[in-house]
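In my numbering, the protein residues as written are 1234 to 1841.
Don't read these hints as lab results, they were simulated from the structure. Treat the numbers as computed from the prediction; the structure is a model and nothing was measured. Some clues are possibly wrong.
Calculated lysine-lysine pairs in the DSSO-like style (CA-CA distance at most 27 Å, straight line) [said to hold, decoys possible]:
{"no.": "1", "residue 1": "K1510", "residue 2": "K1642"}
{"no.": "2", "residue 1": "K1456", "residue 2": "K1510"}
{"no.": "3", "residue 1": "K1656", "residue 2": "K1642"}
{"no.": "4", "residue 1": "K1568", "residue 2": "K1545"}
What follows is a list of derived Cβ distance ranges for each label pair [unchecked claim]:
{"no.": "5", "residue 1": "G1800", "residue 2": "P1603", "range": "27 to 35 Å"}
{"no.": "6", "residue 1": "R1247", "residue 2": "G1588", "range": "48 to 56 Å"}
{"no.": "7", "residue 1": "G1535", "residue 2": "V1838", "range": "46 to 54 Å"}
{"no.": "8", "residue 1": "R1835", "residue 2": "P1289", "range": "21 to 29 Å"}
Here a beta-carbon is modelled for each residue, glycine too, at the ideal position from N, C-alpha and C.
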Amino acid sequence: MTILIPSIGSCTSRMSSSERRLAERLEQKLDDDYLLWYDVPVGAQRSHPNFMVMHPRRGLLILEMRDWSAKNIHRASEQNWQLFSDRMLSTRPNPAGVAKQYAQEVFEALMRDPQLVEQDGKSQQGKLRFPWSWGVVFPNLTREEFTRGQLERFIEPQRVLCSDEMLESVEPKALQSQLWDMFPLMMGGLMTPALLERVRWRLFPALRLQRGAPFDDDDASAKLPEPLRVLDLPQERLMRSLGDGHRVIHGVAGSGKTLLLSYRAEHLAKAHTPDPKPILILCYNEPLAVMLAAQMQAKGLGNRVRALHFHKWCREQLLTFGQELPAPNMPVGAKMDEMVQRVIRAVEAEQIPSGQYQAILIDEGHDFAPEWLKLITRMVDPATNSLLLMYDDAQSIYGRSSSKQFSFKSVGIQAQGRTSILKVNHRNTRQILQTASLIAADLLTDDTQDEDGIPLVHPVSCGRDGPETIIVRLQTFREEAFKLAELLTAAHQDGHAWGDMAILCRHVWMRDECASVLQLRELPHEARTGTGTFDPGADSIKLLTMHACKGLEFPIVALPGIGHMPGPDENAQEEARLFYVAATRATEQLFITVSRTGAFGRKLVSDK
1234 MTILIPSIGS CTSRMSSSER RLAERLEQKL DDDYLLWYDV PVGAQRSHPN
1284 FMVMHPRRGL LILEMRDWSA KNIHRASEQN WQLFSDRMLS TRPNPAGVAK
1334 QYAQEVFEAL MRDPQLVEQD GKSQQGKLRF PWSWGVVFPN LTREEFTRGQ
1384 LERFIEPQRV LCSDEMLESV EPKALQSQLW DMFPLMMGGL MTPALLERVR
1434 WRLFPALRLQ RGAPFDDDDA SAKLPEPLRV LDLPQERLMR SLGDGHRVIH
1484 GVAGSGKTLL LSYRAEHLAK AHTPDPKPIL ILCYNEPLAV MLAAQMQAKG
1534 LGNRVRALHF HKWCREQLLT FGQELPAPNM PVGAKMDEMV QRVIRAVEAE
1584 QIPSGQYQAI LIDEGHDFAP EWLKLITRMV DPATNSLLLM YDDAQSIYGR
1634 SSSKQFSFKS VGIQAQGRTS ILKVNHRNTR QILQTASLIA ADLLTDDTQD
1684 EDGIPLVHPV SCGRDGPETI IVRLQTFREE AFKLAELLTA AHQDGHAWGD
1734 MAILCRHVWM RDECASVLQL RELPHEARTG TGTFDPGADS IKLLTMHACK
1784 GLEFPIVALP GIGHMPGPDE NAQEEARLFY VAATRATEQL FITVSRTGAF
1834 GRKLVSDK
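Using the sequences provided together with the hints, build the complete structure.
Structural data, given as structure tokens:
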């Protein structure tokens, strides 16, 4: 049995009864190694074929469905068909031409990738390395009716699947054979797993995992990023199957939560335009909010989707609706708390309106206090009731949600039956995840709870290998900073951009010390200090505190001062969470330096 992407249950509102029947038949009759998509945007042109079927040994097949019956087909031709509907005569394009056009668009998109094109062999050179074709499904037209109407003059009969050929009683092999008879003779080639990943990368831009500016599919000279990485099939199915209402996704670090959130925001913005109410993305950390805002701007959605960190949003609410801000001379922590409370009180007093947003999407929701979540649920428009919450309690580093046990129901989030779990870590190599787990292993034990609770989920490595973590023992922190400058310089000489690198520090003084060394070595760098601008996309080494790195990722991450963790007055478990978050920001290489021999430093050095 194959799996449909998206799930049938999530397509109920847009599937016709005939489409649902075909989807169910294909799910039931196709073997496990088939892949099946319904009404997904394909390629840079975002074409929407009804169904796309893919098989590693068979190839790729585009299927167009038409609900027409013998009674309402008045006249057919190569170009157009005339149909009776409610005693009115209408003209529609020949469905064979529509299916062929979609297949041609797919073919042209794939032909742009040299690795998908056969380079050798006289007969196959210059062709796709696997078969591709198209067909038409008539769920209300029998084969006899198709023949009696002489419709084979306008559609090749082997390219048609009729209603009596997709009955529940039809044998799976018979249905599969009929689909693959739609392919021209002499087409050959196999679709290896690597080729399949390239095909999905080419056809589904929303699945791409890459840093920096989006790849320009319209630019024939654009250099392909290597390796080409995409969401895996379970992630894609979840992404395309998110329905209306409240949704909660529990995901381990590196499981693609932020990418899913970004896709969801883009989907909602494009599916419901024009809509007078904006879409709001909220997160705790400012650098993540800046990155998400830049993504939405690059996609042309800056006027529809706003991305803010929570406290900036609270400040904007107070200013927009004429509420007084906290006294400027208050301590920062107390000022932030007071600002939140003022928003809560103003909403309760109806001085700040609720229901302001078409949808709200919360990233890194484990850093949000329960009262924050309760406030946010009130800001969603009741007409859409669209809320998405991303959560991983293993990454809760602010002592809020993890220290206060609460249910989603208690803060107004309808999680029952609307919860998904992502266990596979795609961001990190096996070596990086092993290093992170050395310190945080006790945090990563599965904690099974009901759907309304907050489980701890153990990450599963995707199996991607990379270089071993480099752990260096030194005498002083100053020496650590110089060593990291040396390692990052070597990485740059090996071809990594400066913007691929980040130094993540436990304390501000560590960040400042590392910045002074980079300045001395004349290496381009940018420190996130909490004042002024911070550009995550600039080609410079980023210096951030461990608290500020949430939701970000870099190919190369350096962690200095790990021997100082945990400090004398610091909670070991909370420090382990912080180390886990920082280490799992690296996608390819992790550098760690240790001078003082605190508990974490001893563990890492002794494990070498």
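Okay, the hints, checked on the actual structure:
For the proposed pair K1510 and K1642, the alpha carbon gap of about 25 Å is at most 27 Å, so the pair holds. Distance hint between K1456 and K1510 is unfulfilled; the C-alpha atoms sit about 38 Å from each other, more than 27 Å. Distance check on the hinted pair: K1656 and K1642 sit about 23 Å apart at the alpha-carbon level, within 27 Å; holds. Taken as a hint, the K1568 and K1545 pair is honoured in the structure, with Cα atoms around 12 Å apart against an allowance of 27 Å.
The supplied range of 27 to 35 Å is met by G1800 and P1603, whose beta-carbon atoms lie about 28 Å from each other. As the Cβ distance of R1247 to G1588 is approximately 26 Å, the hint placing it in 48 to 56 Å is violated. As the Cβ distance of G1535 to V1838 is approximately 47 Å, the hint placing it in 46 to 54 Å holds. Distance hint check for R1835 and P1289: the Cβ-Cβ separation is about 49 Å, which falls outside the suggested range of 21 to 29 Å.
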